[in-house]
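**Student:** The chain contents come next:
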Amino acid sequence: MIKDDLIKLNINKETISVDVKPGQSLADLLRESLDLTGTKIGCSENECGICTVLVDGEPILSCAYPAVRAQGKEILTIEGIGESSNNGTDPKLHPIQEAFVQYGAVQCGFCIPGQILTAYALLQKNPNPTIKDIRYDFKDTLCRCAGYPTIERAVMAAAHTMRTGEPLPLPQVPTSVKPLEIIGNLHVRPDSIEKVNGKAIYTDDLKFDGMLYAAVKRTHIPHGTLISLDIEKAKNLEGVEAVLTAKDVPGQATHGLVIHDWPSMIDIGGKVRYVGDSVAIVAARTEEIARMALDLIDAEYKILDPITDPVQANQDDAVDLHEYGNLLKHIKVRKGEMEDGFEEADLILEDTFFTATTDHAFLEPECTIAKPTEDDRMEIYVGSQIPYADRYQVALALGWDEKRVRVIGQLMGGGFGGKEDIAGQIHAALLANETNKPVKLLYDRHESLIAHPKRHATQIKVKMGAKNDGTLTAVKTELYGDTGAYASLGEKVMTRATTHSSGPYEIPNVQADCYAMYTNNPPSGAFRGFGVTQSAFAVETMMDKLAETLKLDPVEIRRINALKVGSTTNTSQLLNDSVGLMECIDLTFEEMQKLSDGDPFISKEIEGSPHIKKSWGLAVAYKNTGLGGGAPDKAGAEVELYTDGHLEVRTSSAELGQGLVTILQMIVAEEFKVSVEKVNVLVMDTDLTPDGGPTTASRQTYVTGNAARLAAQTLREALSTTLAEKFNIPPSEILFIEGLAQVGEQKIELGEVAKIMKQEGREPITLYEYWAPKTMPLGEGGNMHFAFSFAAQAAEVAVNTETGEVKILRIIAATDVGKALNPLGLLGQIEGGVMMAIGNALTEEFIMEDGYIFTDRLARYRIPSITYTPEIIPIIVEDPTVEGPYGAKGIGEIISIPTTPAITNAIYNAVGVRINQLPINQENILLELKQRNNS
Amino acid sequence: MSICNIFHYSTSIEDALQTLGNSKGIAKVLAGGTDLILDLQQGRHSPVDTLVDITNIPELNVLEYRDQKLFIGASVPHRMITNSPDVISHSQALAEASGLIGGPQVRNVATLGGNVAHALPAADGTIALMAMDAKAEIATLEGRRMTPLKEIFRGPGKSTLDPKKELLVGFYLSKKIENAGSSFKRIMRPQGVAIAILNCGLWLEREGNIVKDIRISIGPSGPVPRRLIEVENSLRGKQPSTEAITEANIVLQEEANFRTSRHRASEEYRKEMAAVLLKNTLLAAWERSGAEGEFND
Ligand SMILES: Cc1cc2nc3c(=O)[nH]c(=O)nc-3n(C[C@H](O)[C@H](O)[C@H](O)COP(=O)(O)OP(=O)(O)OC[C@H]3O[C@@H](n4cnc5c(N)ncnc54)[C@H](O)[C@@H]3O)c2cc1C
Ligand code: FES
Ligand code: FES
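These protein sequences, in sequence, are chains A and B. Counting from 1, one number per residue, gives the positions in the first sequence under the working numbering. Counting from 1, one number per residue, gives the positions in the second sequence under the working numbering.
Isolated chain B, as found in the complex:
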């Protein structure tokens, strides 16, 4: 089945934006296509006239340091991210998340930009980026702007990006600071679609045996990818003891909105799993922050 009438293999951001803007019919950005091509083939996405392939645009494919930040171009595939020593050292949660997406063949083409732009509330790359407090760069023909990641999401599968005018250029991540660590984990089930029942990205900075700062993102815990600010507040300034985690979990169950999804997981199970993920990611990130010994009980 043909998935489009015009397939435009773009080589620059300007060219891609122009093609999108000038297209008479419906035009759509195509990155790896591991979501979009299947959605088109299987009729989950309404037919498009033009696909603008952005995987060959040099700027979208770089992974480099810019102004003390790590920049990951939107078209960088997950395989490169998960294998990158730079990502592993500065943003381990993201490296872990990218390494769990699909299999090696999918990771060779699926991109981080596509993972974010698809705007699913539990996309693995996205949840990790949320916990890493990534900023996104967006290009229009008028210019570039930076935005916090969460501004990109409007609803499940819906982004705020203007499909005719806007393109994600890439993501900026802070470099690792001393005594900080991050982790990403997810719970799968053996049946059905291979996306997480629940996933969790967590970053923290440690001061002695106290959590100085922390960011937590759990998906799906609402219609869009989100941080759990109250849970973060509950843990900030505390020793990550069993008691503190138990308290944080009570806050978590209040703050997050877990729902039952058909043939996947019940709300009740998700609630149980959230507690497990919170504990396990916290433990891993805590260890990675250089903490010695086990949690204090």
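Excised from the complex, chain A in its bound form:
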């Protein structure tokens, strides 16, 4: 017997009565019954904290809190935080909300309701918290964009205002050295208000009439053949509206970003390649019925032994996972003569390194809604990094012309590379097409962890030759990358890992070989750092070993070999401009010296705790901006001037939380010298916005930024021409200042200019398709990339020699970004990138056992919480690149690349234990220390 209860409760100061289903969670009640979608769900397992709401003033996790308990209680959600007004306007932001906006604590925004409520509860009890108090209370409220230091500053600032009634203290953020009018100055995100007041809509927050809920039957076996499939019982379940199998795919059976090797569903007789493969999909009236239907589907398999690592996959006797074998790609880099290089060397070192598979753990799990339209098209609502690629792949599966599919990109609760491939887009579209109803397919955290592509676990062998003075003579690397069941972007990622595997150094002789191998693990694809995270760990550890053996300083050995203008990279690219590596190294070293008395690299005891040793470690890195390797890299942007004086910039490029919308807004505002509020940004709609290309490879600021800049300039010129003709003065005498067009003595509102143009029968719109400088494929010489970002980082760590525990105390992060266009966003990228890298070094390991996933819950896959936050000292180097917008180049990935080796090098300097395998294992550190003491 299922009996609903009617309960009375007070939500956001309003008393209501509502039906509660047995065992219904408070989050579900809020979101589904009361339409309060400001409360977000990240895990449903009490782990992420973002579903936090207050019950009688106390923060609780609403995802696992029985709604019945709310009976008679006061519930406060994000929608109720602001000070409500009586005149029907939006509530005034609460100081905490205001602080989160002004300080730039809002990135993707998905965790923000939980953060703000956690802060609210804390400040009610403790109006004057210390950083320690904040960390205690925020311990389990995770943010994957991880602006933890900014969150701390925002909470402190809000506390100040709440205590004193004084205005919010202004944030101290390093700006560009040479700011322009808008560019290089502090501007808050255009979407931050809706992200702090709970109004921001992500895909799962959307509801449509008659919407069905989908669920996917997955194989849950890593390797085998599907022998039989029975869907009859599922079809007959009351409430089920469609059950589809591979036979029901009208178009192409497979999809993929580069190679179409990934079946939407496995057909009978077909090969199962990983636990996340699907065999059937269901649409039903409720989520619960859809899940019940899955249990009624019988699938029988012939189970085969899985291939679980890339070295095994490359052996002669390994079974083939794909028709063409297990080798996705053998990637080669060749420069100079290896034999000569090693001959010349006074010292040769060799070692092998292992990095772990990791998961993006964006806090918003994947969600797609597919909605058939009356004019026979399909709308896809989804948070996607590449809307046009979604459109293409969905259309292929449906067997439709691409134009019939419209992808309407939604706000994204983080991507980090993990929302480039197809997740539920095709499945939802197939079901919507079949039922002619909107269909939502939402993954829970468990499904998200199982299904989507990861970061490649990579085995990296490095052999390094150097002269006694530290000059590198030869570097040889061999990489094995685990690309899992399907190609995804595996080839590209591993290419980047390979070309960057000898580090940002000028080396006369280089050889790199990478084997990107298929296995029966989940696919691997793009993940912030794009392979370079892995190879930097190996090569930067080797550089420290080399320095130690040659009795050189870690700084010195990097200075000797660092790339500079005029150097050729290991792919024989001549670097013409914008190589800020040396400056990064020098500034990092300077800062490190300031913060440590004497040699930063020697081991020191922590006062009062002689068993805890601390030291610094250094690492450097470089990372390409843009696709490179000969791939045409272009983006379209459209800029329109409206008669009310507003401008709009449109491009399909994705906003995943990283701040592209702010950059585009600032660029257009800069070009017209108007305030940013005058510029709307529309992104990610394949009907309304031109193709911006994939949001990957740290390319958007550069490529789409340039498209927006040039579209704006072209429009500005068109306006000038119009005015010049009308007023009969040369176009060069027309200026755009302070939101006005200045024509001689006369000042004209921009809206008026738009009207004039329209009157003349011309639309004040320009579309600009920007093509980034041409690049060359690997192995053909020339420029493989059109720009590189550079970084040096130093980490100070403390190692407990009794337990092996590692604590990261400080990170100095110097980054050459070309030009700091958006300082607030840049700071968010720096802090978030460092925190994500700390996860890579210390907390994160996606564990598979014979192809089965052990870390299938967030509880088992730990991402850094606020308690891991070190002091982060950002240093911004601006060595401009000619073609970049105002000199800028990519920053999204470079930040998180040198952190891991800086940390592991620091551990060595502190206690003498080399880390060759990630994540850092405290147990291994301790046991090695013990062993050493015993011998």
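Keep in mind the hints are simulated off the structure, nothing from the lab. Be a bit skeptical, because a hint or two may be false.
Said to hold, decoys possible - Short derived list, chain A residues pointing at chain B, Cβ under 10 Å:
{"hint": "1", "residue": "Tyr65"}
{"hint": "2", "residue": "Ser228"}
{"hint": "3", "residue": "Ile297"}
{"hint": "4", "residue": "Tyr301"}
{"hint": "5", "residue": "Leu442"}
{"hint": "6", "residue": "His446"}
{"hint": "7", "residue": "Tyr852"}
Unchecked claim - Lysine-lysine pairs mimicking DSBU-like chemistry, simulated, CA-CA at most 35 Å apart:
{"hint": "8", "chain 1": "A", "residue 1": "Lys8", "chain 2": "B", "residue 2": "Lys24"}
{"hint": "9", "chain 1": "A", "residue 1": "Lys139", "chain 2": "B", "residue 2": "Lys279"}
{"hint": "10", "chain 1": "B", "residue 1": "Lys24", "chain 2": "A", "residue 2": "Lys139"}
{"hint": "11", "chain 1": "B", "residue 1": "Lys176", "chain 2": "A", "residue 2": "Lys139"}
{"hint": "12", "chain 1": "A", "residue 1": "Lys774", "chain 2": "A", "residue 2": "Lys755"}
{"hint": "13", "chain 1": "A", "residue 1": "Lys73", "chain 2": "B", "residue 2": "Lys279"}
{"hint": "14", "chain 1": "B", "residue 1": "Lys238", "chain 2": "B", "residue 2": "Lys135"}
{"hint": "15", "chain 1": "A", "residue 1": "Lys207", "chain 2": "A", "residue 2": "Lys463"}
{"hint": "16", "chain 1": "A", "residue 1": "Lys634", "chain 2": "A", "residue 2": "Lys178"}
{"hint": "17", "chain 1": "A", "residue 1": "Lys463", "chain 2": "A", "residue 2": "Lys233"}
{"hint": "18", "chain 1": "A", "residue 1": "Lys463", "chain 2": "A", "residue 2": "Lys403"}
{"hint": "19", "chain 1": "A", "residue 1": "Lys21", "chain 2": "B", "residue 2": "Lys24"}
{"hint": "20", "chain 1": "B", "residue 1": "Lys279", "chain 2": "B", "residue 2": "Lys69"}
{"hint": "21", "chain 1": "B", "residue 1": "Lys28", "chain 2": "A", "residue 2": "Lys235"}
{"hint": "22", "chain 1": "B", "residue 1": "Lys164", "chain 2": "A", "residue 2": "Lys73"}
{"hint": "23", "chain 1": "A", "residue 1": "Lys21", "chain 2": "A", "residue 2": "Lys139"}
{"hint": "24", "chain 1": "A", "residue 1": "Lys403", "chain 2": "A", "residue 2": "Lys247"}
{"hint": "25", "chain 1": "A", "residue 1": "Lys564", "chain 2": "A", "residue 2": "Lys678"}
{"hint": "26", "chain 1": "A", "residue 1": "Lys930", "chain 2": "B", "residue 2": "Lys271"}
{"hint": "27", "chain 1": "B", "residue 1": "Lys69", "chain 2": "A", "residue 2": "Lys139"}
{"hint": "28", "chain 1": "B", "residue 1": "Lys24", "chain 2": "A", "residue 2": "Lys132"}
{"hint": "29", "chain 1": "B", "residue 1": "Lys175", "chain 2": "A", "residue 2": "Lys125"}
Built from N, CA and C at the ideal position, the CB exists for glycine as well.
Model the placement of chain B with the ligands on the given structure of chain A, informed by the hints.
**Tutor:** Positioned in the frame of chain A, the structure of chain B with the ligands alone reads:
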């Protein structure tokens, strides 16, 4: 996903016990639910028909003095325990343990009763209670009884409580005596499930510079939460010198049963950590007992 067919929000112990007893299908007590709800949702616990929510039962929510003892109701959440001046002064080890469980949101709902009844060999609250020699009160429809805590555990995740008939009412702790102190510490690792690799609760009474009496509990050191009686004997009557601790550690390695758990910790590492925890909790409790100066070497 629905986690039950009937959700019974109980208001008295009798009502809860009756509902449990009368339920036709499988019925289960639900406290904070931070273990049970997740176990149900994720299929680690077989489906139940009825959940009997006991968080709203007044008697289970009190924290008060009874007959010279401190009583903590089974449904008292960890946040209240860790912030309670009474618990801090009489049973600091427990206050410390409760303060380490989960984050503030979890501590606002997770209960001490749930921590004990879940019967994991290294539950933090439980290990602290063991070291504090807590007694548990159990209610049935027939009446109440008191039992030493250790009687509640049958195996990892298994309690001796009869799920249809018995309910934990709360825990009784002795008041602090002069020259006594307690401490709780644990070792975590940054990867994987946020439960301790090893934890240790320790209580001691000091006489001059001698350990007059001592209780030590380390988890997981066997299938159920346990005290380490031999280690206690080894330290009792001694000055807590480096030598005494070294000797105690030898006894500890014999008495405790440390095992390797997959993706968490090896037996070898646990053995090393046990020695560190023993030393550190002893040092902290010794200091709290009012001892002056460092250990005697
Ligand atoms: C994010 C997170 C972090 C955590 N961290 C820790 C940690 O650091 N240390 C730690 O020890 N634990 C931790 N836990 C586990 C859990 O929170 C604690 O064990 C908690 O104390 C359980 O209490 P509860 O009230 O939620 O129990 P519930 O889940 O409600 O119940 C647990 C079990 O006890 C039974 N039960 C509950 N109350 C009674 C009663 N009065 N009589 C009889 N049976 C009863 C239930 O039937 C059930 O079988 C964590 C959990 C989460 C989700
Ligand atoms: S803790 Fe509730 S959604 Fe993650
Ligand atoms: S802003 Fe916190 S998860 Fe993105």
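**Student:** Now tell me, hint by hint, if it's right for this structure.
**Tutor:** Structure-based check of all given hints:
1. Restraint check, A:Tyr65 versus chain B: the minimum CB separation of about 7 Å is within 10 Å; hint holds.
2. With 10 Å as the threshold, the beta carbon of A:Ser228 stays out of range of chain B, its nearest partner Cβ sitting at about 25 Å, so the hint is violated.
3. For the restraint placing A:Ile297 at the interface with chain B, the shortest Cβ-Cβ distance is roughly 17 Å, beyond the 10 Å limit, so the hint is violated.
4. With a cut of 10 Å, the hint placing A:Tyr301 at the interface with chain B is violated, because the nearest CB-to-CB distance is about 20 Å.
5. Taking 10 Å as the C-beta cut-off, the interface hint given for A:Leu442 is violated, the closest approach to chain B being about 13 Å.
6. Below 10 Å, beta-carbon pairs count as interface contacts, and A:His446 has one with chain B at about 8 Å; its hint therefore holds.
7. Hint status for A:Tyr852: violated, given a least beta-carbon distance of 13 Å to chain B, over 10 Å.
8. For the hint linking A:Lys8 to B:Lys24, the alpha-carbon distance of about 29 Å falls within 35 Å, and the restraint holds.
9. Taking the CA atoms of A:Lys139 and B:Lys279, the gap is near 27 Å; set against the 35 Å cutoff, the hint holds.
10. Between B:Lys24 and A:Lys139 the CA atoms are separated by roughly 42 Å; this puts the pair beyond 35 Å, and the hint is violated.
11. Between the alpha carbons of B:Lys176 and A:Lys139 the distance comes to roughly 31 Å, so the proposed pair stays at or under 35 Å and holds.
12. For the hint pairing A:Lys774 with A:Lys755, the CA-to-CA distance comes to about 39 Å; that exceeds 35 Å, so the pair is violated.
13. Pair hint A:Lys73 plus B:Lys279 does not hold up; C-alpha atoms about 46 Å apart against a cutoff of 35 Å.
14. Only pairs whose Cα atoms come within 35 Å are accepted, and B:Lys238 paired with B:Lys135 is accepted, the gap being roughly 27 Å.
15. At most 35 Å may separate the alpha-carbon atoms for a hinted pair to count; A:Lys207 and A:Lys463 exceed this at roughly 57 Å.
16. With a C-alpha separation of about 28 Å, the suggested pair A:Lys634 and A:Lys178 falls inside the 35 Å cut-off, and the hint holds.
17. Restraint check for A:Lys463 and A:Lys233: the C-alpha separation of about 59 Å exceeds 35 Å, so the hint is violated.
18. In summary, the hint linking A:Lys463 to A:Lys403 is not supported, as the alpha carbons are separated by about 51 Å, beyond the 35 Å threshold.
19. A threshold of 35 Å between alpha carbons decides the hint, and for A:Lys21 with B:Lys24 the separation of about 20 Å falls inside it, so the pair holds.
20. Taken as a hint, the B:Lys279 and B:Lys69 pair is honoured in the structure, with Cα atoms around 29 Å apart against an allowance of 35 Å.
21. Distance hint between B:Lys28 and A:Lys235 is fulfilled; the C-alpha atoms sit about 33 Å from each other, no more than 35 Å.
22. Only pairs whose Cα atoms come within 35 Å are accepted, and B:Lys164 paired with A:Lys73 is accepted, the gap being roughly 30 Å.
23. With a C-alpha separation of about 31 Å, the suggested pair A:Lys21 and A:Lys139 falls inside the 35 Å cut-off, and the hint holds.
24. The straight-line distance between the Cα atoms of A:Lys403 and A:Lys247 is roughly 24 Å, inside the 35 Å bound, and the hint therefore holds.
25. Taking the CA atoms of A:Lys564 and A:Lys678, the gap is about 41 Å. The hint is violated against a cut of 35 Å.
26. Between A:Lys930 and B:Lys271 the CA atoms are separated by roughly 12 Å; this keeps the pair inside 35 Å, and the hint holds.
27. For a cut-off of 35 Å, the pair hint linking B:Lys69 to A:Lys139 stands: about 33 Å separates their Cα positions.
28. Of the supplied pair hints, the one linking B:Lys24 and A:Lys132 is violated, its CA atoms being roughly 50 Å apart against a limit of 35 Å.
29. At most 35 Å may separate the alpha-carbon atoms for a hinted pair to count; B:Lys175 and A:Lys125 meet this at roughly 29 Å.
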